[in-house]
Amino acid sequence: MQILYFALALFLLLNLVAGMWRVLRGPTAADRMLAAQLFGTTSVAVLLVLAQAMNRGALRDVALVFALLAAVTAVAFVRRAWPDREAKHDTE
Amino acid sequence: MTVHTVVGRQGLEFTPREYLRSGCLRAVLFALMWWTLTDGVMDSWLVGTPVILFATLASVVLLPPFSWSLLGLVRFVPFFLWRSLYGGVDVARRALQPRLPISPGLLDYRWRLPPGLPQVFMANIVSLLPGTLSVELGANCLQVHVLDERKDFLSELEKVEQRVAAIFGISLPLSRGGE
Amino acid sequence: METVTLLQWAFDVVLGFSLLWIAWLALTSLDLFRAIVLFIAFGLLMALAWVRLDAPDVALAEAAIGAGLTGALLLAALARLESNNATKPTPEKDHQPEAHD
Amino acid sequence: MTPSDLLSAVLLIAGAAFFLAGTLGLLRFPDVYTRLHALTKADNVGLGLVVAGLAMQAESLAGAGKLLLIWLLVLLAGASVAHLVAAAARQRGIKLWRR
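Chains as they are written, first to last, in my numbering: chain A, 1234 to 1325; chain B, 1074 to 1252; chain C, 499 to 599; chain D, 159 to 257.
Since the hints were made in silico from the structure, they are not lab data.
Each residue gets a CB set at the ideal place from its N, CA and C atoms; glycine is no exception.
Among the clues, some could well be false.
To be verified - A short, non-exhaustive set of chain A residues, derived as facing chain D with CB atoms under 10 Å: (1) Leu1245; (2) Gly1252; (3) Asp1264; (4) Thr1274; (5) Thr1275; (6) Arg1293; (7) Val1311.
What the hints assert, rightly or not - Derived coverage of chain D by chain A (criterion: at least 3 residues anywhere in the stretch with Cβ under 8 Å from a Cβ of chain A; other residues may be distant): (8) 160-172; (9) 175-187; (10) 197-208; (11) 212-224; (12) 229-236; (13) 246-257.
Work the whole structure out from these sequences, hints included.
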């Protein structure tokens, strides 16, 4: 079981790193933000798996905070930091 | 649907009795939440009790009681779990195929649900169901982005709307007939 | 037991190198918005690193302050910066060089 | 390995597969809207399966409840964020990709 947990955590981490490609490529600001959202969900899963594997219940609380804060940044992005700058980004 | 408790509650004033009832229910819910968050440690209730009371107060002020039906909710859960699992499988299948079989489109769905909580709830649910993503929550339409516009989404959305209406104890006109 | 240590080791190596990689990308990014998203990603991975170092309390603080609050603040700051740039007739290149030094 | 261990392992691996599909969707789909589809649905199902697999191993009822709570929170946040981003993208005139 232990092997499965760590293999799973490694797999999810690699998944997350693959998502970096979208952050780098864009093309719109929203696409980059979506990748950050993917990071949030995936790291919640990594944390929950690690909590079981390392036998640390406290990690579940960290996962809870991750889940909350991913939403906070996304809302901050939509409300504040996304003016009409797409013209610039689309031409990348 | 046979579960509507009281029809057309929205906009009506609620009696203090109803406030008390929903306040108690929410307090129990918050207590349950506290218990899970603290892994059932006994000492934590010293902090927990005031927190629960405050949370209940805040929730009653911010979200006045609304009519809902337990039966509708209980029936909704398996439906939602099944459909969202199907949604995941559907989108995974499309993402994994080399040909990328999608043909996106937008469609407007005319609301039958009353505005407020039921509409917001439905807009959120729609995003988790197969092939649909709610884009704009308008006054009389919900704009939905679909992954494959060749499918029949209207009947699917109507089914979802029925289920959501059942949770809130609202009766909808059964079919839209000739509009 | 052997496989478990190997997997742990692999996890830590991937985590460490991606941290360095993301930090480098964030520092050298010319696009400020991209740099912020990279910073948020860095915060999330850093929290995972704290977890692997067996410090869940620091991970909690890193996630809440590093990735969450600072990310939101930086996004708001960027919005302010751009609206200033848009209203004032200052030249466009004003904020480009700043990004990489 | 007990049968319940086996079932939870199957659930965990299935969850990981959905995460892979979500990432692939994010990388391969052509525009913001379709990427949102992949992200919200596949990742939420993936996390749901991982949570189900882990909940079977949880020591206490409260532990399983906390996992469920985390999943519900992610579900709610994911759905609302998807809607917000889609609405904002539409307002800013980002065009739909059409075949």
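Now the hints, each set against the structure:
no.: 1; hint: Leu1245; in the structure: holds (6 Å)
no.: 2; hint: Gly1252; in the structure: holds (5 Å)
no.: 3; hint: Asp1264; in the structure: holds (6 Å)
no.: 4; hint: Thr1274; in the structure: holds (4 Å)
no.: 5; hint: Thr1275; in the structure: holds (6 Å)
no.: 6; hint: Arg1293; in the structure: holds (6 Å)
no.: 7; hint: Val1311; in the structure: holds (5 Å)
no.: 8; hint: 160-172; in the structure: holds (count 4)
no.: 9; hint: 175-187; in the structure: holds (count 6)
no.: 10; hint: 197-208; in the structure: holds (count 6)
no.: 11; hint: 212-224; in the structure: holds (count 4)
no.: 12; hint: 229-236; in the structure: holds (count 4)
no.: 13; hint: 246-257; in the structure: holds (count 5)
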